[in-house]
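Which chain is which? The protein sequence lines are A and B, in order.
Everything in the first sequence is counted per my numbering, starting at 1 for the first residue and increasing by one.
Everything in the second sequence is counted per my numbering, starting at 1001 for the first residue and increasing by one.
None of these hints come from the bench; they were simulated from the model.
Note that the structure is predicted; figures quoted are calculated from it, not measured.
No residue lacks a Cβ here, since even glycine has one placed at the ideal position from N, Cα and C.
Some hints here could point you the wrong way.
If you want the footprint, here are the derived chain B segments under chain A, 3+ residues with CB under 8 Å [claimed, not checked]:
#	stretch
1	1022-1032
2	1037-1043
3	1067-1073
4	1169-1176
5	1187-1196
6	1217-1231
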Amino acid sequence: MSRLSTIRPSNLVLLAAAPFIIYLFATSSKYLRSLIAILGIGNNAGPIFVGFLLIVSVAILGYLCARHARFTNHAPGWLRVSALAALPASVALLVMSFVSPQLLMPFAESVFFHALSENTSTLIDRSSQTWVLYPEVVTQVQTGLQVLLAAYTAVVALSLLSAALQPPWRGRVLLGLECLTGAVLFYLMFMAYWQFATGVAITFRAAIFAYIFSAILGLIWVGLQSFKPRARTTILYGSISLSLLAISAFFFVQPQVSYVLVGSTEGRIAIVRGTPQAQADIIRFGEFDGAGEQQYRIRSATDAAAALEQIETVDSVSGAFVPVDAHSQGYPVLWQTSFLPDKYRNPALAFAVFGFLLLTLTIGGAQHKLHPLAVGAEFFVDTIRGIPMLVIILYIGLPLAGAVKDATGGGIDMTNMTRGIIAISVGYSAYMAEIFRSGIEAIPKGQLEAGSSLGLSRWQTARLIVLPQALRIVTPPLGNEFIAMIKDTSLLSILSVRDMTQRMREFQAASFLPFAPFNTAAILYVVLTLCCASFLKWIERRTAKDNR
Amino acid sequence: MFKNLFAVATLAMLTAPAAFAADLEGRVLKIGTDATYPPMETVDETTGEIVGFDVDVMNAICEKINCVPNFVNTAWDGIFAALQQGEFDLVISGVSVTPEREETMDFSEPYIVVSQAILLQVDNADMTLEDFKAGGQKLAAQTATTNAQLAEELVGRENVSLYDNFSAAILALQNADVQGVIIDGTSAAAYEQEFAGELTVGITGLQSDPLGIVFQEGDPTVDAINAGLAAIQEDGTLDALKAKYWGTN
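Using the sequences and the accompanying hints, generate a full structural model.
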């Protein structure tokens, strides 16, 4: 009863409504179907969920066991019990993977399958409509699972034994074990593919990751804003920006390449891959000398030889835009041009933009006696706050991620989910920065002076006096941001991330049901946000207790 | 890997005679689609797979030219931006071929021609286009579609309410916030059937739109797809699919 009285009133309302909601879902097929669609319950969800539950509960016990080893002396009773249960549980799981692998394999298979790159992987059998792993790959996954479980059992055994270790090594080994088991748990909860509830997993994970990243970014902006200019700051940053501009100029004077437009413009014009977009556009929109007042159709070719060959072999192609030294003799030259190739032009532009920006910040900073980076951070916060989240997501998710992919030669190819998380983090970091700043500025100046008169360094003052108080002030608005972020993940559907909202739209369109999907999604979002709000309240109460 | 396949595909088309025999050599095509548009494409509730006329057409084409379709569901808002960034190899999503879109994207030959229609509330079943043109009556459509363009042409921007998806537009019609929803004729029938006794297809035979498969400007894959399209047209597969979705029409 005392436990019941500590429940937050708003949660109490939800708890009281819960029987009705459950009744609604259980008795109405409309609601049950919406729930299944919006949660993203996939094929074969039942067996996968069973495997997940088994594995995740062992992972939790393993983590608690490693944690218990670090705090042996002050461990509460429940922690002790779970530590002792960890080894038998992981041994049981290992035995199960040999005796009845069919319990764990659906989950392991689904996680492995979705970790592959689905368009290029050679491990996937694409011969039928539903793609599956080849049988021999499944056998390998099973062996892999058994090896992993054996290793995990060894880790748990090691955590139990580590209590006997002596001090110089003890601390590090224990910390290492806790990090390792923690990482396993983190992977299962936040990275592994949950086929039994994809929709809710996407929404929840996107919000959590975006929240963490945006808080870190926000702290960076606040940190930058607190930079104070020194005597030489202007000279230093001025010379950095001038040298950036000089590098840009160096790239701009590199030798240009010459291209010719040959053939005729009656049909399409073949463009060699790697031709700068700007040149292709000149041809497409008929902006070259001698063009008629019309647009031309273009077509891609892998290289110059292929482009010239296309004039002969492909009916619709009549012209080509190729380097001047390709053997284009025999075709009439319509237009000749020379331009800076992309490998020089892109760095030239990038250095020019950064150099110019830094120069502006330095001049602005010098005028107002501010550090250029502080001015930059403020500029960033002001601009980002002014751009709608949808635009930020589109911009970062498509052109910027594409540019990163090109610049690294395909090395960094982020998934759409990652792109979306980065975009939301960048967007929200501006709000976060303002929240942190308000918290820090709320601490009276007198306390800083008191700190320094006690002989504390600037860092010590910040760590011991300012941050603990500021953190308490900013906790409620930070919680607010989290709840806003959970809902803004719905914008990720434009990057083909199928979160709860996108699934709701799909279900609505397929079933023609107007309100059941709406209500279900609303209930799910409320449950999610109330859980988070309660968690934040709990943190607030705990920090308040610490500081009393 | 991808580049090699691409080269092989291009080469195959260069060496092959222009018609047929196009072969993408089992290449996986990443296909963008906004699966909220029955009966062109929707997500099947029970299996979670994307199904519909467009999907069947694409599967039939791929059977002819040896490619593997991989449908990716995405919101309409970002679909063409993603195509131009190379996130998708092609988009099939009931996309109308328009001169404006042709300037920035390449289209296959049209695979079906649909006329647009206006859904009305049953009570107003006898409303005509003139009633809308006379003013005061609002039309709803999905943002950034040819339906929206036509709606604007018919009644002017201030009498058009644009919604993110059709479901929202239909809700607005049921609410009587708008008096009509402009929609492709192919989908209108599906909606009328679902909301029998409430909504009706009152005005039909508006501007016809050919639907095409969309590619990045200059992508040579369009030739292979056109060849596949011609093949399924020739052997009657396409007609069979049309009959499957729209009965005798």
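Inset, instruction - Verify the coverage statement for the stretch 1037-1043 of chain B against chain A, using a C-beta to C-beta distance below 8 Å and requiring 3 or more qualifying residues. - result: holds (count 4)
* Asked: Counting residues of the stretch 1187-1196 of chain B whose CB is closer than 8 Å to a CB in chain A, do you get three or more?
  -> With 3 residues in contact (Cβ-Cβ under 8 Å with chain A), the coverage given for the stretch 1187-1196 of chain B holds.
Within the assertion that chain A covers the stretch 1067-1073 of chain B, do at least three residues meet a Cβ-to-Cβ distance smaller than 8 Å? Our answer is that it holds, as 4 residues pass the Cβ test (under 8 Å) against chain A, meeting three.
- Assertion that chain A covers the stretch 1217-1231 of chain B - criterion: three or more residues, beta-carbon distance below 8 Å: With 5 residues close enough to chain A, the hint holds.
Discussion item. Between the stretch 1169-1176 of chain B and chain A, are there enough contacts, at least three residues with CB-CB distance under 8 Å, for the coverage claim to hold?
Written reply: The restraint on the stretch 1169-1176 of chain B holds, since 3 of its residues have a Cβ under 8 Å from chain A and three suffice.
| Verdict on chain A covering the stretch 1022-1032 of chain B, criterion of 3 CB contacts below 8 Å | holds (count 4)
Every hint, counting from the list given before, is met by this structure.
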